[in-house]
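**Student:** Sequence:
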Amino acid sequence: MAEPNAISLPARLEAILYLKGTPVSLKELARLAETSEQKVEQAMLALEAGYAQRDTALEIVAGNGNYSLQLRAGLGELVRDLLPVNLSTAALRTLATIALKKRILQSELVELRGSGAYDHIKELMTQNFIERKRQSEGRSYWLSLTEKFHRTFSVLPTNGPEGTEPGADSTTDSVSNDAAFEAA
Numbered sequence: 007m008a009e010p011n012a013i014s015l016p017a018r019l020e021a022i023l024y025l026k027g028t029p030v031s032l033k034e035l036a037r038l039a040e041t042s043e044q045k046v047e048q049a050m051l052a053l054e055a056g057y058a059q060r061d062t063a064l065e066i067v068a069g070n071g072n073y074s075l076q077l078r079a080g081l082g083e084l085v086r087d088l089l090p091v092n093l094s095t096a097a098l099r100t101l102a103t104i105a106l107k108k109r110i111l112q113s114e115l116v117e118l119r120g121s122g123a124y125d126h127i128k129e130l131m132t133q134n135f136i137e138r139k140r141q142s143e144g145r146s147y148w149l150s151l152t153e154k155f156h157r158t159f160s161v162l163p164t165n166g167p168e169g170t171e172p173g174a175d176s177t178t179d180s181v182s183n184d185a186a187f188e189a190a
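Numbering (my numbering), first residue to last: 7 to 190.
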């Protein structure tokens, strides 16, 4: 994988905004991108201008010191009609993050997506798009995709997911284990 600094700052900020799925402050963007707030402001201006010049479905929205990446006005209804499942946009973004990583620790996902990811995980488990297995060592859980995800989204499973934990001591968690879920 490329070093973070090998990827342009606007591209890194775009990735952060996409994965967060909610407005992010200038200070938080600077922290996550590992750069100064001044550089983030300059890069966000360039990113906003780039989106404004292109005819895309997405736009950068700035307000109250926060930035977000969202669908342009008027496209919400179109997208809602195209979604094959009844998932919120935020839950779909969380699912996309899990799909990109193939397998991810719940703690890492929450760091990327924010504390709302706990609700997304519960929703995705309820609809059987992901499964959760406790780490053999540690307090977090491994999140991975289910067969239903692969069928629903017509995505072929890959060999050996990233982040595979050594050993087979982990056990699959079910939706009914809410007490352990809430404690995580």
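What the hints contain is simulated information worked out from the structure, not anything from laboratory work.
Take the hints with a grain of salt, since some may be wrong.
Pairs of lysine-lysine residues, derived as DSBU-like cross-links and limited to a Cα-Cα distance of at most 35 Å, are as follows [what the hints assert, rightly or not]:
(1) K33 - K107
(2) K154 - K33
(3) K45 - K33
(4) K128 - K108
(5) K128 - K139
(6) K107 - K128
(7) K108 - K45
(8) K128 - K154
**Student:** Which hint numbers does the structure go against, in order from smallest to largest?
**Tutor:** The structure breaks only hint 2.
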